[in-house]
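Here the structure of chain A is known, so what remains is to put chain B in place on it, guided by the hints.
Each chain, written out:
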Amino acid sequence: MLELETASKRFGALAALAACTFAVQPGRLTGFLGPNGAGKTTAMRAVFGLVELDAGSVRWRGAPITAAHRAGFGYMPEERGLYPRMQVREQLVYLGRLCGRSSAAATGTVDTWLERLDLADRARDRLDALSHGNQQRVQLIAALVNDPDLLVLDEPFAGLDPIAMGRMAEILTEVAAAGATVLFSSHQLDLVEDLCDDVVIIDHGRIVLAGDLDELRAAFPQRFVDIRYRGAAPDWSALSTVVAVEAKDGEARLQLGPDTDPATVVAIARCTPGLVSFAFRPPTLSELFRQTVAA
Amino acid sequence: MSGLRQGWLVARREMRERSRSRGFRAGMAVMLLVVMAAIVVPSLLDAGKASSDVGLTGAITDDLSRAIVDHGDAVAMEVRVHRYDDVAAGEEAVRDEDVDVLVVDARRLEWRGEPDEQLGAVVTGAIQLVAVQERAATAGISTDDLAALVAPVPVENVELGRAAGRSSDDDLAALAMSVLLLMAITTYGNLVLTGVVEEKASRVVEVLLARMPARDLLVGKVAGIGLLGFAQFVLTALAALIATMVVDSFDVPAVRAGVLAWIVGWFVLGYALYAMAYGALGSLASRTEDAQSVAGPVIYVLLACYWASLVAIDHDPASGWSQLVSLFPATAPFAMPARLALGAAAWWEPVLAAGFTLAAIAGLVGFAGRVYTGAILRTGPTLKLRDAWRGTVQ
Chain A
1 MLELETASKR FGALAALAAC TFAVQPGRLT GFLGPNGAGK TTAMRAVFGL VELDAGSVRW
61 RGAPITAAHR AGFGYMPEER GLYPRMQVRE QLVYLGRLCG RSSAAATGTV DTWLERLDLA
121 DRARDRLDAL SHGNQQRVQL IAALVNDPDL LVLDEPFAGL DPIAMGRMAE ILTEVAAAGA
181 TVLFSSHQLD LVEDLCDDVV IIDHGRIVLA GDLDELRAAF PQRFVDIRYR GAAPDWSALS
241 TVVAVEAKDG EARLQLGPDT DPATVVAIAR CTPGLVSFAF RPPTLSELFR QTVAA
Chain B
296 MSGLRQGWLV ARREMRERSR SRGFRAGMAV MLLVVMAAIV VPSLLDAGKA SSDVGLTGAI
356 TDDLSRAIVD HGDAVAMEVR VHRYDDVAAG EEAVRDEDVD VLVVDARRLE WRGEPDEQLG
416 AVVTGAIQLV AVQERAATAG ISTDDLAALV APVPVENVEL GRAAGRSSDD DLAALAMSVL
476 LLMAITTYGN LVLTGVVEEK ASRVVEVLLA RMPARDLLVG KVAGIGLLGF AQFVLTALAA
536 LIATMVVDSF DVPAVRAGVL AWIVGWFVLG YALYAMAYGA LGSLASRTED AQSVAGPVIY
596 VLLACYWASL VAIDHDPASG WSQLVSLFPA TAPFAMPARL ALGAAAWWEP VLAAGFTLAA
656 IAGLVGFAGR VYTGAILRTG PTLKLRDAWR GTVQ
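Residue numbers (the numbering used here), protein chains in the order written: chain A, 1 to 295; chain B, 296 to 689.
In isolation and in its complexed conformation, chain B is listed as follows:
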């Protein structure tokens, strides 16, 4: 009987049982709805604002009226203009929501509340254009000359960043990943924790350990919950992608494939490292009520490492500190992807860091397996880590 097969059986049971629970399904459905709503709803609201009404009063030429409509067309905004005999009538129309803005004497814009930026730009642009045309005519400049005079100079935006070769999308992806990893570790690490405590509390663990080593049981559990979390993540990402394509609200960030591969890889390593620690400490508690207090140390270390990585990288991704946190196993899953995205890491650094982290995971599997075996059959008050390690308690 190979440990791999037993581990896989454990992982499969975790996925099957957990995905069947009503709470899990309801949570998943709510999450999908929230993600899709977050993407679709804003664009639906925006769509409603595609047409605007502009009130005009006082000294306003027909040229300006036409220019406002043309400027709206240029940014795909349908603008209807309404003329009012005096300011009072116009202001009443603003208050009654008949128009979005009132243009007084081509010099003042009156809004009901806060100005609408886009509409403001359209109207202001039209006023400027008409004013320039009028001044040009007064100065005897022909329309063609004027066009040549004010023709825009193309200006290119280039992001240099702190390191050469990185793109802002990589940057965004790395930041999003570290937040996601923190969320994934706390969510799924907690499932590992409560799963271990539940098995101990229900005493089923003695039946299981009579059949398989604690190490394989723990690795199987961590893998099963991890795969389930990954499936949940992929499903959510797909839902987000579909929603994005349907409403065409924003571009999917273009991340370099190499950076993306590392991000996914570090995600897996980070989860495995912390989930294993959760599992080991979970075995010290006998009751589900004690689970959170035994997991305290992991949570503190996790938050401290996340914070340390963020601060070091934000300060200078090429500094010695940043290099250190991106190599140290507990901080590497947060720091290394960020440094990669910022282009601040040499090719060998992520390889070395991954090696360190893998070694740490292997060490933790051994450590967790021993603590688990030493602690899992002892019920009663919460155990001390040292006693579980030594196996000196009955």
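For reference, chain A alone in the conformation it holds in the complex:
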């Protein structure tokens, strides 16, 4: 388990991290969300000692992180980069060996991943001879060369085509299922909702929400009613329990006030003449995000 405890970091007048506390569980995928400049990258860098915290700590399995721990971590920085003129395979083996692995062990892992990501025939090419998409794959392997216990990825889905995104999601799920702790940041909330077990939402350097995604959604006081209807949309906003309405082309999503009695949902259904279907739902991750970050 990875834990940040009241982690704080200032850059001049800017508080990049303000007493951040959250935990990332092993065997689960954790999405790290927040607007640009919220402190995601700073928090991730702190895990690798790339940012020295002003206060607080980062702990791995209950102990402060040491160089020996980091040898078992994998990291994919937001700004991708490897040696452009170095051969792909040699470069990956080098990075694996920097983590303390033997040449044979690193080579074995690298070859397995090159094979899996269809790069085996490019192993001897220079990195800069590869397409952008293939370079992204090499970058992912660079984070996996030491079969990490903790995998931290900063925006791993940015710039990927849909097929590559699918493959990335598959690999992250697999690594987590094998017992590793996986934390990644993303702005693609729908994707995170589909993929992640846990989320951590950060805003202005503060953690505003963290935990099991389903539990967070259930615990959120706001409820939503999804309605499908025929004909003109009735004026739901007249109902006192309805806070906001989004209606378009026979589909509407009504936001109800906190702790609304489920009985009011029935009242909503009654005042919808051409009702096709309706459902009482907790917020989506996207709604959760907008509510917590805007607040």
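Be careful, since some hints might not be right.
Cβ pair distances, simulated, as ranges [stated by the list, open to error]:
1) A:ILE163 with B:ALA332: 34 to 42 Å
2) A:LEU14 with B:ALA599: 36 to 44 Å
3) A:ASP161 with B:ALA332: 37 to 45 Å
4) A:GLY27 with B:ARG300: 27 to 35 Å
5) B:LEU475 with A:GLU3: 48 to 56 Å
6) A:GLU115 with B:PRO337: 53 to 61 Å
7) B:LEU647 with A:ALA120: 54 to 62 Å
8) A:GLY257 with B:GLU584: 55 to 63 Å
9) B:ALA599 with A:GLU115: 51 to 59 Å
Among chain B residues calculated to face chain A with C-beta under 10 Å, some are [said to hold, decoys possible]:
10) GLY298
11) LEU304
12) GLU312
These are computed hints drawn from the structure, not numbers from a lab.
In this text, all values refer to a predicted model and were calculated from it rather than measured experimentally.
Every residue gets a Cβ at the ideal spot worked out from N, C-alpha and C, and that includes glycine.
Chain B only, in chain A's frame:
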């Protein structure tokens, strides 16, 4: 995972990748060719001049003609003599390059252009000898008496220098070393500089620093490039040595082993000190175009220190100033070997200076490591040293 192992991995990568580049290999090949050519070509040209033609005209005895050939033999020069009926014919032969010099009446030498020193000495020596023999005969001195009279007195050359016990070869070695060190620092220090900037520009540095401390990365890089430079140096020296042995052009300087060991040691210390400074400042730039401008301070300090050492030592290697520059870490790599070669340093001085320089290198490693960590992840405009040190910029 030890820092030593990681540092060695970094050093090995530097050596392997750099020695593979086409530019490096081409540069190396050109350098070897130039060094060998510089040694072999002059001696080939000299070899062509081993025989000479001398034109004779006017009042010239057979004795003189023979003496010229004998004098040539004595200095391993084959001399052929040609007689001309008059000066005009002889001068034409000089102009047509049939002869190298025309001897007129045993009193005047006529050349096509600038006189050839060696040939001039041969001919002049022969003229003097024959003239002395003729005068001796006139004065009634026998040949044996004459020989005893003009027998050369052996004169020994002794170089006292400014300090006792030094040899001129040590002196030469120290001078050559300080020039070489200056070249090595600027060449390989620049490789460290651009290497650091390239790693920052390509962003690979964040992947690396997530795995190892900046200090080890920098030390590994400096060591790798240093070893590569050393290998290049040894290769060049070997090529020069082989070329020298083949053409037998000049003697390899005989340097005292102790002085040589110190020279090599100071070479390593000097390179390490300045390369580390190059690396630290290189981390302030984000683009390769900015590399040279951030390295400006190192270059100014380097040149100032080189110059200060040279001036102080040349003036008086035993003065207080010389002692000071040979102890101060930034100037010691230039000044101390020179003072050692000149025999102007007490035994404890290089030991103390090496201690100071090692301490300065250790301090610089710490300083560079911190600046590097503080600066390496910040892209955009070139950073200020103070901000990088404080780590106050995002």
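Results of checking the hints against the structure:
1. For ILE163 of chain A and ALA332 of chain B, the Cβ-Cβ distance of about 59 Å falls outside the hinted range of 34 to 42 Å, so the restraint is violated.
2. Remark: the range hint 36 to 44 Å for LEU14 of chain A to ALA599 of chain B is upheld by a beta-carbon distance near 40 Å.
3. For ASP161 of chain A and ALA332 of chain B, the Cβ-Cβ distance of about 57 Å falls outside the hinted range of 37 to 45 Å, so the restraint is violated.
4. Take GLY27 of chain A and ARG300 of chain B: their Cβ atoms lie about 31 Å apart, and the range 27 to 35 Å holds.
5. For LEU475 of chain B paired with GLU3 of chain A, a C-beta distance near 55 Å keeps the hint of 48 to 56 Å intact.
6. Hint check: GLU115 of chain A to PRO337 of chain B, Cβ distance near 60 Å, so the stated range 53 to 61 Å holds.
7. Take LEU647 of chain B and ALA120 of chain A: their Cβ atoms lie about 59 Å apart, and the range 54 to 62 Å holds.
8. A C-beta distance of roughly 59 Å is found between GLY257 of chain A and GLU584 of chain B, which places it inside the suggested range of 55 to 63 Å.
9. For ALA599 of chain B paired with GLU115 of chain A, a C-beta distance near 57 Å keeps the hint of 51 to 59 Å intact.
10. With 10 Å as the threshold, the beta carbon of GLY298 of chain B comes within range of chain A, its nearest partner Cβ sitting at about 8 Å, so the hint holds.
11. Interface hint status for LEU304 of chain B: upheld, as the beta-carbon distance to the closest one in chain A is roughly 6 Å, under 10 Å.
12. For GLU312 of chain B, the shortest C-beta to C-beta distance to chain A is roughly 6 Å, which falls under 10 Å, so the interface hint holds.
When the structure is compared with the earlier hints, violations turn up for hints 1, 3 and for no others.
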